[in-house]
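> Protein chains in written order, with our numbering: chain F, 1 to 108; chain Z, 1001 to 1247.
These are calculated hints, taken from the structure and not from any lab test. Take these hints with a grain of salt, some might be off.
To be verified - Cβ pair distances, simulated, as ranges:
# : chain 1 : residue 1 : chain 2 : residue 2 : range
1 : Z       : Glu1229   : F       : Thr33     : 36 to 44 Å
2 : F       : Leu106    : Z       : Phe1103   : 26 to 34 Å
3 : F       : Val47     : Z       : Leu1211   : 22 to 30 Å
As the list claims (entries may be wrong) - In silico contact screen, one side only, chain F against chain Z (beta carbon under 7 Å); selected entries:
#  : residue
4  : Val38
5  : Val40
6  : Arg43
7  : Pro55
8  : Ala58
9  : Pro59
10 : Val93
11 : Ala97
12 : Gly101
13 : Tyr104
14 : Leu105
Just so you know, even glycine gets a beta-carbon here, dropped at the ideal spot from N, CA and C.
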Amino acid sequence: VVAVLYGLDVVAGAPVLVLTVVLGAIGFAAVGTFYAGVTVRMRAREVMLPLLMLPVIAPLLLAAVKATAAGLSGDPFGELGAWLQLLAAFDLVMLLAGAAGYGYLLEE
Amino acid sequence: MRTRVLGVVALVAVAAASVNALFLVPADLNQGDAQRLMYVHVPSAWLAYMSFGVTALAGIGYLWKRDLRLDAVALSAAEIGVMFTAFAIWGGMMWGQPVWGVFWQWEDPRLTTTALLLALYVGYLLFRRLTDDPRRRAARAAVVGIVAAVDIPIVHFSVEWWRGLHQGPTIGSPERVLDPAAPSQFVIALVSMVVAFTLAWGWLLVRRYQLARAEAALEELSRRGRVEEARRAGLAAPRAELEEPAR
Chain F
1 VVAVLYGLDV
11 VAGAPVLVLT
21 VVLGAIGFAA
31 VGTFYAGVTV
41 RMRAREVMLP
51 LLMLPVIAPL
61 LLAAVKATAA
71 GLSGDPFGEL
81 GAWLQLLAAF
91 DLVMLLAGAA
101 GYGYLLEE
Chain Z
1001 MRTRVLGVVA
1011 LVAVAAASVN
1021 ALFLVPADLN
1031 QGDAQRLMYV
1041 HVPSAWLAYM
1051 SFGVTALAGI
1061 GYLWKRDLRL
1071 DAVALSAAEI
1081 GVMFTAFAIW
1091 GGMMWGQPVW
1101 GVFWQWEDPR
1111 LTTTALLLAL
1121 YVGYLLFRRL
1131 TDDPRRRAAR
1141 AAVVGIVAAV
1151 DIPIVHFSVE
1161 WWRGLHQGPT
1171 IGSPERVLDP
1181 AAPSQFVIAL
1191 VSMVVAFTLA
1201 WGWLLVRRYQ
1211 LARAEAALEE
1221 LSRRGRVEEA
1231 RRAGLAAPRA
1241 ELEEPAR
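Using the sequences and the hints, build the whole thing.
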């Protein structure tokens, strides 16, 4: 609907969009799983999960939004690559840190 | 005693560096006296990074050695780091109003990521309060502290990665070390402030660490007291309180 209303060229931006969605979802899942592990045995966990997660996830959201915008507008500033790189780097770091730390979270 | 010596040295160093930065170094040509805020702002930001770095390292150390003293270091550094982050943000706002014309701008990546850094470590401290068992708390907090440290490089390089209001580093980047973007008088004033603040930071960290250890000892004593009391009353003490005392 948005695409029709604003006349966006979705087809041309499709590969970038798909890539952004995939990278963003991986990062979101990595951070979400990690913080679920952090808060699961805690008091007031329903409140703490979003509170702890939001600051960590914010750079990812920012990069995903910017990459989507750049992808749809045909990348006028040539910054698309940088945002995708940030997304990928964030995913990598969070996956590694999460995988390394998860065992310690679940002990006992 | 040695801590006191460090404290006195830090106090003298901060006083001397402040007098130099406030009165002896000339004011900036364009910004006037507002520029002097930088001598507080840059050391604060640097110490915020360093504190959170120490928190992460102490966390790694704890997971490795399982020594609760390292957890006390992590807690102390995180608290001091939150203070210096708040200080850096506050000083930056005071400077931003006269020079940029605004206290705050959300579009600027450095400002936004620094605010996130503050939120992240306030969350870390909050998180510590919500877990009771010292060992479990230490392990969890260590992991959270390590993951949170990911934000430090994002804050530091945000000025280079994205365009924003905040300028790039004056002396911080490698190619600027030998060829600083400011006259040497300013650079010396700034570096001496950084050194003086770092001494004060060290003193704060040691004191906070001693306090954290004392708190832990007190907690342990009262726990033992409760166990004794329960025994004397001929009751079975709650199972959790009979477990091996935490070091």
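> Each hint should be assessed against the structure and marked as holding or not.
A quick look at each hint next to the structure:
1. Z:Glu1229 <-> F:Thr33: 36 to 44 Å: holds, 43 Å
2. F:Leu106 <-> Z:Phe1103: 26 to 34 Å: violated, 44 Å
3. F:Val47 <-> Z:Leu1211: 22 to 30 Å: holds, 28 Å
4. Val38: holds, 6 Å
5. Val40: violated, 10 Å
6. Arg43: holds, 5 Å
7. Pro55: holds, 4 Å
8. Ala58: Hint holds; Ala58 of chain F Cβ to chain Z Cβ min 5 Å, cut 7 Å.
9. Pro59: holds, 6 Å
10. Val93: holds, 6 Å
11. Ala97: Ala97 of chain F check passes; min Cβ-Cβ to chain Z is 5 Å, inside 7 Å.
12. Gly101: holds, 4 Å
13. Tyr104: Holds: closest Cβ of chain Z sits about 5 Å from Tyr104 of chain F, inside 7 Å.
14. Leu105: holds, 6 Å
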